[in-house]
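Each chain, letter by letter, is given below.
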Amino acid sequence: MISGYLRQDGRKGIRNVTVVAYLVECAHHVARRIVDKVDDPDVHLIGFPGCYPNAYAKRVMEAIATHPNVGGVVLVSLGCESFDRAALVETVRASGRPVELLVIQEVGGTAATIAGGLAAVARVRASAADATRAEMAPSELVIATICGGSDGTSGITANPAVGRAFDRLVAAGATCIFEETGELVGCETIMAGRAVTPELGDEIEACVKKAEAYYTVMGFGSFAPGNAEGGLTTQEEKSMGAYSKSGSSPISGILKPGDVPPTGGLYLLDVVPDGEPRFGFPNISDNAEIVELIACGAHLTLFTTGRGSVVGSAVSPVIKICANPETARRLAADMDIDAGRILEDRATLAEVGDEIYDRVIAVAAGTRSVSEELGHREFILTYKAFDPIGPACLPTRSRSMMA
Amino acid sequence: MTHASRLILLHEDDNVFVVVAPIEVGDMLTIGGGTVPAREGITVGHKVARRALAPGDRVIKYGAPIGSMTAHADAGDWIHMHNMKSDYIAAHSRSTSGGGA
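Chain order of the listed sequences is D and Z. Read in this note's numbering, the first sequence has 318 at position 318, and its numbers run on one by one without any break. To convert, count from 1 in the second sequence and add 403; that's this note's numbering.
Each hint should be verified, as a subset may be incorrect.
What the hints assert, rightly or not - What the simulated footprint calls covered on chain Z by chain D, stretch by stretch (three residues with Cβ under 8 Å from a Cβ of chain D suffice, anywhere in the stretch; the number is not a length):
hint : stretch
1    : 412–422
2    : 431–441
3    : 463–477
4    : 480–487
It should be emphasised that the hints constitute simulated quantities derived from the structure, not laboratory data. Ideal Cβ positions, reconstructed from N, Cα and C, are used throughout, including at glycine.
From just these sequences and the hints, can you work out the full model?
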């Protein structure tokens with residue numbers, strides 16, 4: 001049984017994390033020192049480095065500060081940056097969570113703010129400890145998937161095994177999210193055929209076209225040197241392998257970072273910015289995508305890797321599924337699940353799919369994932385620009401709004 | 404998925420196999436009812452031609468096109484960036500100079 005944390009908005013979390021958030025790079029050191037000194041697996045550092053305002057960053061910070069896995073928030077501001085700290089404080093307070101704000105220029109500098117921050121964290125945690133516990137069904141879970149450090153084994157073992165687990169989760173009424181339209185270039189027609197409405201299918205094709213155009217301007221696809229060393233030759237080859245993580249359920253909608261899925265089902269997260277490319281690569285590394293999945297409400301992320309990524313994440317646990325049996329042996333202490341056994345005839349795709357499902361339930365019920373145990377709490381948020389999703393992107397929400 | 408050999412076929416329409424156990428130079432590869440010796444070492448996850456391929460041929464894996472040949476390959480040859488390319492976006496390796504188009 002999963003014992004969740006019931007939040008005021010009705011959503012339930014699987015962790016009760018206190019986040020310490022810096023609102024500009026200039027406050028990063030102070031926030032990090034606070035988190036280091038507290039040294040607790042449930043106190044995590046998050047933040048945004050930029051001094052210029054950005055609606056996307058504000059939306060993602062608000063979504064994460066009010067994520068169901070978060071029980072309380074401490075904000076660390078330098079004082080002169082553009083981030084609208086008052087609005088963030090108000091959003092967190094309105095969500096029913098304890099929140100404290102420290103402004104370094106007002107508190108009196110580094111040492112004073114670290115001391116004040118430690119006291120603030122203690123107060124917030126004491127208050128967050130009173131969170132209501134409630135039984136949580138698998139249908140209430142929001143599970144994300146991402147692949148990183150892919151190789152030629154990813155699309156044969158770990159990715160289709162996650163697809164099997166996703167099919168089981170969606171059948172149980174859960175919400176599943178897959179992402180990175182830039183890694184789906186070449187699969188758009190097949191994917192559009194799985195959309196619950198023809199209009200959604202058109203939106204899926206359009207968002208992959210947008211990704212292709214964006215990456216063409218960047219000069220690189222979503223394809224790293226390690227992908228090629230691992231046997232992948234082209235973007236579309238990597239795409240077909242990545243695509244198999246989505247399983248075979250119908251696609252219920254398209255999200256953008258910060259959109260919370262309205263119902264259970266399978267959703268595609270569009271991570272590529274809208275408009276003329278302005279701020280550089282859509283996601284500079286895997287954790288930037290994990291942060292966006294968490295901003296959509298993901299309780300935990302299934303991370304498949306062939307070359308061997310070691311990352312975890314702040315706020316929501318990461319379960320790592322290793323595709324390559326050689327990597328699984330070399331990085332055994334970093335992996336939750338060895339899907340490479342499929343290549344060596346030691347397990348079937350269905351067995352590994354069931355193992356992933358069981359692991360999701362266990363980690364949701366409180367078991368620490370390997371990356372959590374190792375203290376991985378990566379977080380990265382950078383500049384982006386998005387237009388709101390159109391009405392065709394969430395057919396279920398449109399229907400319920402008309403009803 | 405069962406496989407006695409070092410090569411697996413993911414989809415019946417594919418014209419490449421995927422290597423599931425390391426191949427060394429001279430290893431005999433079972434392809435299309437016959438055997439051919441491997442011309443070079445090929446590591447796990449890489450692709451091997453199922454039949455002779457000519458420049459311009461679509462490379463098919465997972466039953467879907469994943470790019471086109473840029474050079475001739477015989478059955479049993481390693482298929483990678485030296486003889487095929489994307490039909491969408493150019494891939495890059497560490498030797499590609501950074502940034503920009």
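Structure-based check of all given hints:
1. Counting residues of the stretch 412–422 of chain Z whose CB lies closer than 8 Å to any CB of chain D gives 3, so the stated coverage by that chain holds, three being the minimum.
2. Counting residues of the stretch 431–441 of chain Z whose CB lies closer than 8 Å to any CB of chain D gives 0, which falls below the minimum of 3, so the coverage claim is violated.
3. Coverage of the stretch 463–477 of chain Z by chain D holds [criterion: at least 3 residues with CB-CB distance below 8 Å; count 6].
4. Counting residues of the stretch 480–487 of chain Z whose CB falls under 8 Å from any CB of chain D gives 4; the rule of at least 3 is met.
Violated hint for the displayed structure: number 2, the only one.
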